[in-house]
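Participant: Respectively, the protein sequence lines represent chains A and B.
Heads up: the first sequence begins at 7 in the numbering used here, then just goes up one per residue.
Heads up: the second sequence begins at 48 in the numbering used here, then just goes up one per residue.
These are calculated hints, taken from the structure and not from any lab test.
Using N, Cα and C, we set each Cβ at its ideal position, and we do this for glycine too.
Errors might be hidden in some of the hints.
Computed cross-link-like contacts, DSS-like style, restricted to lysine-lysine with a CA-CA straight-line distance of at most 30 Å [claimed, not checked]:
1. B/Lys117 / B/Lys50
2. A/Lys74 / B/Lys149
3. A/Lys30 / B/Lys149
4. A/Lys30 / A/Lys84
5. B/Lys85 / A/Lys74
6. B/Lys85 / B/Lys149
7. A/Lys84 / B/Lys117
8. B/Lys85 / A/Lys30
To list a few chain A residues with every Cβ distance to chain B over 10 Å, as calculated [to be verified]:
9. Glu20
10. Val25
11. Lys84
The lines below spell out each chain.
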Amino acid sequence: DAGVIQSPRHEVTEMGQEVTLRCKPISGHNSLFWYRQTMMRGLELLIYFNNNVPIDDSGMPEDRFSAKMPNASFSTLKIQPSEPRDSAVYFCASTYDRPSQPQHFGDGTRLSIL
Amino acid sequence: AQKVTQAQTEISVVEKEDVTLDCVYETRDTTYYLFWYKQPPSGELVFLIRRNSFDEQNEISGRYSWNLQKSTSSFNFTITASQVVDSAVYFCALSGGGATNKLIFGTGTLLAVQP
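Work out the full structure, taking the sequences as your base and the hints as a guide.
Facilitator: In structure tokens, the structure reads:
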């Protein structure tokens, strides 16, 4: 079975540019999570969706970040405009909507903002 | 509030040694779930094992074993006969029993297994 698929794997762009990260969850999973990982702050939950509806976006750093889930098989995380401090690895994870179920992670997108 | 503490930031062992990774959690939920994840140098996050709060028995799977002790709020993970491929960052995580399936992660323990 295919796991969580994220694209791109790597992104290098200049400050001020718009960045869009994409995620395809595991088929049948109805919860989707976006995380950011940095050396300084570790793993941070940015936002999560249940049944395509955003449930908790309290981790989104500021208005420059936005996330959408237009359907059960696709989500995007957008940063506009990007800043060097946004450089991090961004992970998407999916699971079933039950706290007993483990989250399964994509391979991540390594984002570098110059 | 829920919290996960991994006090060991780095552990270094020699191959074939046993190693235990410590995890202490805080929660007010009576039902909760604990997880261990592995992040090898290649960067992906891999789910390893899960434990629910009403099962405190030791469990073993291959070289891995894990133990939940509610009296000390600890959820430790042991690798027996460690191998170089076990070198990774290991994260402990907690999920509450309420409506949310958010995970609270610890800060991770870097395990280095030397040949």
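Participant: For each hint, tell me whether it holds in the structure or not.
Facilitator: Hint-by-hint comparison with the structure:
no. : hint               : result
1   : B/Lys117 / B/Lys50 : holds (15 Å)
2   : A/Lys74 / B/Lys149 : holds (18 Å)
3   : A/Lys30 / B/Lys149 : holds (19 Å)
4   : A/Lys30 / A/Lys84  : holds (15 Å)
5   : B/Lys85 / A/Lys74  : holds (28 Å)
6   : B/Lys85 / B/Lys149 : holds (18 Å)
7   : A/Lys84 / B/Lys117 : violated (41 Å)
8   : B/Lys85 / A/Lys30  : holds (22 Å)
9   : Glu20              : holds (24 Å)
10  : Val25              : holds (19 Å)
11  : Lys84              : holds (22 Å)
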